[in-house]
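A.B. asks: Construct the complete structure from the given sequences, taking the supplied hints into account.
Same order as they appear, the protein sequences are chains U and X. Counting from 1, one number per residue, gives the positions in the first sequence under my numbering. Counting from 1, one number per residue, gives the positions in the second sequence under my numbering.
Treat the hints with care, as some may be off.
Think about it this way: if two alpha-carbon atoms lie no more than 27 Å apart in a straight line, the pair counts; the simulated DSSO-like pairs of lysine-lysine are [unchecked claim]:
#, chain 1, residue 1, chain 2, residue 2
1, U, 311, X, 37
2, X, 9, X, 37
3, U, 374, U, 162
4, U, 374, X, 93
5, X, 46, X, 9
6, U, 233, U, 303
7, X, 11, X, 93
8, X, 46, X, 31
9, U, 202, U, 162
10, U, 73, X, 46
11, U, 233, X, 46
12, X, 31, U, 374
13, U, 322, U, 73
14, X, 93, X, 143
15, U, 303, U, 162
16, X, 11, X, 37
17, X, 150, X, 93
18, U, 311, U, 257
19, X, 86, U, 374
20, U, 202, U, 73
21, U, 115, U, 374
22, U, 73, X, 150
23, U, 257, X, 46
24, X, 11, U, 73
25, X, 46, U, 374
26, U, 73, X, 9
Derived by calculation from the structure, the hints in this document are not laboratory data.
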Amino acid sequence: MAQVQDIEIRDSAALTAAAAEELQDVQGEKMVLNMGPSHPATHGVLRIVLELDGEVITKADPDVGYLHRGDEKIAENMTYTQFIPYTDRLDYLAPLANNVAYALAVEKLLGIHDKLPPRCQYIRVMCAELARISSHLLGLGAFAMDTGAVTVFLLTFTEREKIYNIAEAASGARLTNSYTRIGGLMRDVPPNWVDMIRVFLKEFAVALDEANTLLTRNRIWVDRLRDLGVVSKEMAIDYALSGPNLRGSGVEFDLRKNQPYLCYKDLDFDIAVGSTGDCYDRYLVRMEEMKQSMRILEQCCNKIPGGAENKSHEPVSIQDGKITLPSKQKVLTSMEELIHQFMLVTEGINCPPGETYFGHENPKGELGFYINSKGGGTPNRLKIRAPSFINLSILGELLPGCMISDVPVVLGSLDFVMGESDR
Amino acid sequence: MSALESANKIKAKFGDLIAEPTEFRGEITLKLADAEKIFDVCRFAKSIGFDYLVDICSVDNYGEDPRWTVIYHLRGVANGQDLRIKTDVSEEKSELPSVLPIWRTANWHEREVYDLMGIRFSGHPDLRRILMWEGYPYHPLRKDFPLAGKPTDLPGVAFTKVTPMEGGPFVTLPSSSDSIAREPRVRVPEGAERAVSDQRLIDGKLK
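C.D. replies: This is the structure in structure tokens:
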């Protein structure tokens, strides 16, 4: 019978542990570094407590909440319509998309989200896609600037200005649009609006191409971004990332396709998906999404019911006195409309009791509103599923192992807004 | 498999613990009777395809018993189906098991529920406040917390003086002239020649 012998083979983990023990005296002490809350690369008031070993991050603890305003509490104390301006201030880089998301969420509770007039649906889609381009442009510009490419920032901000002009023409406001109303829109778009978008698309195609030339095959850019901040497919789902961050990791999920709303079913567009989930993939996904948004906008410009000038007087709001405000002339001349107007303004829209959740594909990810109603004009509880908040929660796992100079790159590639994260 | 079929599958597995699935606006909701079982239910839901935790939120049913409702929004990424699981927690207990071992995204959601509503999650390794600051004594999303807030013992974080409404360099002055003349930028610094036609603007006072 052969004798059993102990053979000492140490696995790699044990070897590393032994080496670490030997090197303990040589290694320096770990340093704790506070990044933020007012650091230019943290895009707002994000604070990250970094534990450093030399220049390598060993632990990262993101600290959010510096911009907490209690939006959810405020929502419980006002009517559904009164909360629309607060949604502008969530992701303030894409207020139009937030307006659309919130209006659709309340309409779902009312059960009218699939009965919206077609012209309203098209205008809302155009607003959401304009917001997507605008938000990605800012994200890209700031991302490139933090990485050291300042030119792109100037380029993208020039284009964003044009989107603000278009938003102003529609809603009267450049930043805090509040363009949607429950059951429709504040007003129809002006007759030259569609042409404004056509002109913008023509100019934007050139600018996007220029940004593409400046970055996509730029050696410095690629070297900084490749294989950095890699999020695997499983990790992305586990952390419930959404939007370009989820798709950058190779998960083909887009609410516009998987749970279609508005008129996205009638429009032809593709979903951009990454392969490795590093910063470079997330950058490429955003670039491609802007191109797809241009495609959607072009189709909308051609297919919008009523055409640019709406000569056939297509409605942009649901014609229901219990949901949307009647015209002022009717209010002043007819008893029933006067009562409707009075009830809507004083008590708000009477929503049925129940609970709904609606997720909207916002530029930053899935912006969801969970509404718990006990009936009446105000919600019992309104929960905002903020994509930036959830996308940031992965930082604690993503940053350790990176160099400290990689932090702005990883943050830029996640593209978050603190106004939305902190609510 | 539709969301309703999945919901029935979960109901079949846990029997009487789960009430009949309800549907409202095309959304399926399952109500779990025992909050202690939420971990097992969620683990089973994940095993049948709900691999994405969209959101965790809480509702304060003030004046009712049990006081809290905790709501989990699940989704299957592959089939795009949503499912809502909710469970009640009594005020005396105010605690239920954490689902962090199933989905890591639950970490911040559970911290937020703890912070704003004061419901604890047993088994959560790092249950700290997340939106309010460390040491804040209240849970502001509770219905008995006033909208205006409550004073705390902590000193105010930042003190600033009230904006001077008269004469400050950025204050638009009241006047009957047009908006261009009222613009703070048209005001000429002290000592320089004044070019504004409206004489009432001189010295920054309305005469």
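A.B. asks: All hints, please: hold or fail.
C.D. replies: Hint check:
About 60 Å separates the Cα atoms of residue 311 (chain U) and residue 37 (chain X), which puts this hinted pair outside 27 Å; it is violated. A threshold of 27 Å between alpha carbons decides the hint, and for residue 9 (chain X) with residue 37 (chain X) the separation of about 16 Å falls inside it, so the pair holds. At roughly 43 Å between alpha-carbon atoms, residue 374 (chain U) and residue 162 (chain U) are farther apart than 27 Å, so this suggested pair is violated. Taking the CA atoms of residue 374 (chain U) and residue 93 (chain X), the gap is near 25 Å; set against the 27 Å cutoff, the hint holds.
Taking the CA atoms of residue 46 (chain X) and residue 9 (chain X), the gap is near 12 Å; set against the 27 Å cutoff, the hint holds. Restraint check: the Cα-Cα separation between residue 233 (chain U) and residue 303 (chain U) comes to about 37 Å, which exceeds 27 Å; the hinted pair is violated. A distance of roughly 25 Å separates the Cα atoms of residue 11 (chain X) and residue 93 (chain X); the hinted pair therefore holds under the 27 Å criterion. For the hint pairing residue 46 (chain X) with residue 31 (chain X), the CA-to-CA distance comes to about 17 Å; that is within 27 Å, so the pair holds.
This hinted pair checks out: residue 202 (chain U) and residue 162 (chain U) have alpha carbons roughly 12 Å apart, not beyond 27 Å. Between residue 73 (chain U) and residue 46 (chain X) the CA atoms are separated by roughly 31 Å; this puts the pair beyond 27 Å, and the hint is violated. The suggested pairing of residue 233 (chain U) with residue 46 (chain X) holds, with an alpha-carbon distance near 16 Å, which does not exceed 27 Å. Between residue 31 (chain X) and residue 374 (chain U) the CA atoms are separated by roughly 18 Å; this keeps the pair inside 27 Å, and the hint holds.
Between residue 322 (chain U) and residue 73 (chain U), the direct Cα distance comes to roughly 26 Å. Compliance with the 27 Å bound is thereby established for this hinted pair. Distance restraint check for residue 93 (chain X) and residue 143 (chain X): the Cα-Cα separation of roughly 18 Å lies within the 27 Å cut-off, and the hinted pair is therefore satisfied. Restraint check for residue 303 (chain U) and residue 162 (chain U): the C-alpha separation of about 22 Å stays at or below 27 Å, so the hint holds. Among the hinted pairs, residue 11 (chain X) with residue 37 (chain X) is consistent with the structure: their alpha-carbon atoms are about 13 Å apart, no more than 27 Å.
Restraint check for residue 150 (chain X) and residue 93 (chain X): satisfied, since their Cα atoms lie roughly 25 Å apart, inside the 27 Å limit. Distance hint between residue 311 (chain U) and residue 257 (chain U) is unfulfilled; the C-alpha atoms sit about 32 Å from each other, more than 27 Å. Restraint check for residue 86 (chain X) and residue 374 (chain U): satisfied, since their Cα atoms lie roughly 17 Å apart, inside the 27 Å limit. Distance restraint check for residue 202 (chain U) and residue 73 (chain U): the Cα-Cα separation of roughly 44 Å exceeds the 27 Å cut-off, and the hinted pair is therefore not satisfied.
Simply put, residue 115 (chain U) and residue 374 (chain U) have alpha-carbon atoms about 23 Å apart, close enough for the 27 Å limit, and the pair holds. For a cut-off of 27 Å, the pair hint linking residue 73 (chain U) to residue 150 (chain X) stands: about 14 Å separates their Cα positions. With a C-alpha separation of about 23 Å, the suggested pair residue 257 (chain U) and residue 46 (chain X) falls inside the 27 Å cut-off, and the hint holds. About 34 Å separates the Cα atoms of residue 11 (chain X) and residue 73 (chain U), which puts this hinted pair outside 27 Å; it is violated.
For the hint pairing residue 46 (chain X) with residue 374 (chain U), the CA-to-CA distance comes to about 31 Å; that exceeds 27 Å, so the pair is violated. Of the supplied pair hints, the one linking residue 73 (chain U) and residue 9 (chain X) is violated, its CA atoms being roughly 36 Å apart against a limit of 27 Å.
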